[in-house]
Amino acid sequence: MVAPPDTSEFRVAVEVLPTVVLVLVAGEVDLATAPAVAEAAHRGAAEANGDSPLVLDLSAVDYMDSSGLRMLNELRTGFGDRLALHRPSHAVVRVLEVTGMAAHFSRVEAY
Amino acid sequence: MDDGMGAGAEAVQLIHRPDVGRALSSPAAAEFVLRADRVAPRSARVALRRLALGSVAHRLLDVLLCVGEAISNAVRHAYPPGSSGEIVVKAWTHEDGLAVLVQDRGRGFDPDGDPSREGVGLRLMRRLADVVSILSRPGGGTAVLMVFRA
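Residue numbers (our numbering), protein chains in the order written: chain A, 1 to 111; chain B, 1 to 150.
Source of the hints: derived by calculation from the structure; they are not laboratory data.
For every residue, glycine included, the Cβ atom is placed at its ideal position computed from N, Cα and C.
Among these hints, one or two may not hold up.
[What the hints assert, rightly or not] Ranges between beta-carbon positions, derived for each pair: (1) E15/A to D110/B: 21 to 31 Å; (2) A57/B to S59/A: 36 to 46 Å; (3) E15/A to R149/B: 42 to 52 Å; (4) G82/B to T19/A: 41 to 51 Å; (5) P111/B to T77/A: 37 to 47 Å; (6) S83/B to A13/A: 32 to 42 Å; (7) P18/A to A57/B: 26 to 36 Å; (8) S83/B to R70/A: 35 to 45 Å; (9) P18/A to E31/B: 51 to 61 Å; (10) A103/A to V131/B: 21 to 31 Å; (11) G50/A to S83/B: 40 to 50 Å; (12) R87/A to D110/B: 39 to 49 Å; (13) G80/A to F32/B: 35 to 45 Å; (14) V108/A to G139/B: 25 to 35 Å.
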């Protein structure tokens with residue numbers, strides 16, 4: 001069996017586009033890093049006009065635990081239908097599915 | 001600290017049964033102490049990654065997730081904010097898989113309490129590990145033993 005690569009460093013970036021606020025997350029989302037994702041999302045939303053959709057690109061997240069899930073739930077509470085996940089990675093989908101939360105998050109293929 | 005480690009000592013006795021004790025003396029084991037802070041879950045995952053790869057590689061993500069959850073729970077719940085508690089982690093491989101023991105000397109809880117009030121972290125652990133055994137009582141620290149079959 002080929003060993004999976006070591007997890008990469010956590011990174012989060014915000015892009016306020018004309019029609020969408022995009023939050024790009026990479027690496028491990030856990031107790032130490034989940035607050036930075038929430039902070040980035042709120043910062044981006046504050047910069048954007050009105051009720052732009054908030055899209056979290058989670059394609060490069062190689063670990064997420066219940067701290068990440070709590071963060072996602074809080075964003076869902078705050079942003080409601082405006083929140084969508086883009087290409088959640090296997091690590092993200094695993095936690096959403098095991099906890100029965102997968103259906104609670106909308107997904108977008110393109111933004 | 002006699003009181004604080006009561007639950008932990010009990011758990012260690014349990015895992016020193018002869019069949020498991022043999023594995024404890026093998027080099028495929030790890031033991032370390034972490035300060036209960038926000039980076040402790042990641043430190044434990046990094047430290048146990050090689051051991052998990054060597055024993056339960058096919059379910060590496062789930063195993064590291066459970067380890068992270070157990071440590072996160074200790075960080076979030078065991079010690080009062082601002083205090084610097086410790087978390088002891090012991091892990092050993094066995095021909096049938098991997099066992100991980102996470103202990104703190106914090107405030108403990110009633111493990112027989114209302115299951116609907118269990119946190120998401122503990123629910124994940126119960127779903128993903130083959131065995132989750134919790135020894136705890138209010139004021140008496142917490143020991144969590146998880147077993148992952150190969």
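query = Between G80/A and F32/B, is the Cβ distance one that fits in 35 to 45 Å?
reply = holds, 43 Å
Status of the given 21 to 31 Å range, CB of V131/B versus CB of A103/A = Since A103/A and V131/B have Cβ atoms about 29 Å apart, the given range 21 to 31 Å holds.
key: Consistency of beta-carbon spacing, S59/A to A57/B, with hint 36 to 46 Å   = violated, 24 Å
inquiry  = Between the beta carbons of G82/B and T19/A, is the distance compatible with 41 to 51 Å?
reply    = For T19/A against G82/B, whose Cβ atoms are near 44 Å apart, the range 41 to 51 Å holds.
task = Can you let me know if the beta-carbon spacing of E15/A and R149/B is within 42 to 52 Å?
result = At roughly 44 Å between Cβ atoms, R149/B and E15/A fall inside 42 to 52 Å, so the hint holds.
key: Distance restraint evaluation - S83/B, A13/A, Cβ atoms, bounds 32 to 42 Å   = holds, 35 Å
task = Using the beta carbons of R87/A and D110/B, state whether their distance is inside 39 to 49 Å or not.
result = For D110/B against R87/A, whose Cβ atoms are near 41 Å apart, the range 39 to 49 Å holds.
inquiry  = Taking 35 to 45 Å as the stated bounds, is the beta-carbon spacing between S83/B and R70/A within them?
reply    = Because 23 Å falls outside the window, the suggested range is violated.
inquiry  = Given a hint of 40 to 50 Å, does the C-beta separation of G50/A and S83/B actually sit inside it?
reply    = holds, 44 Å
request  = Look at the Cβ atoms of E15/A and D110/B and judge whether their distance stays inside 21 to 31 Å.
outcome  = violated, 47 Å
query = Is the distance from the Cβ of P18/A to the Cβ of A57/B consistent with 26 to 36 Å?
reply = Hint violated: Cβ distance 45 Å, outside 26 to 36 Å.
ask   = Okay, V108/A versus G139/B on CB: inside 25 to 35 Å?
value = Hint violated: Cβ distance 49 Å, outside 25 to 35 Å.
Of the numbered hints stated above, those contradicted by the structure are hints 1, 2, 5, 7, 8 and 14, listed in ascending order.
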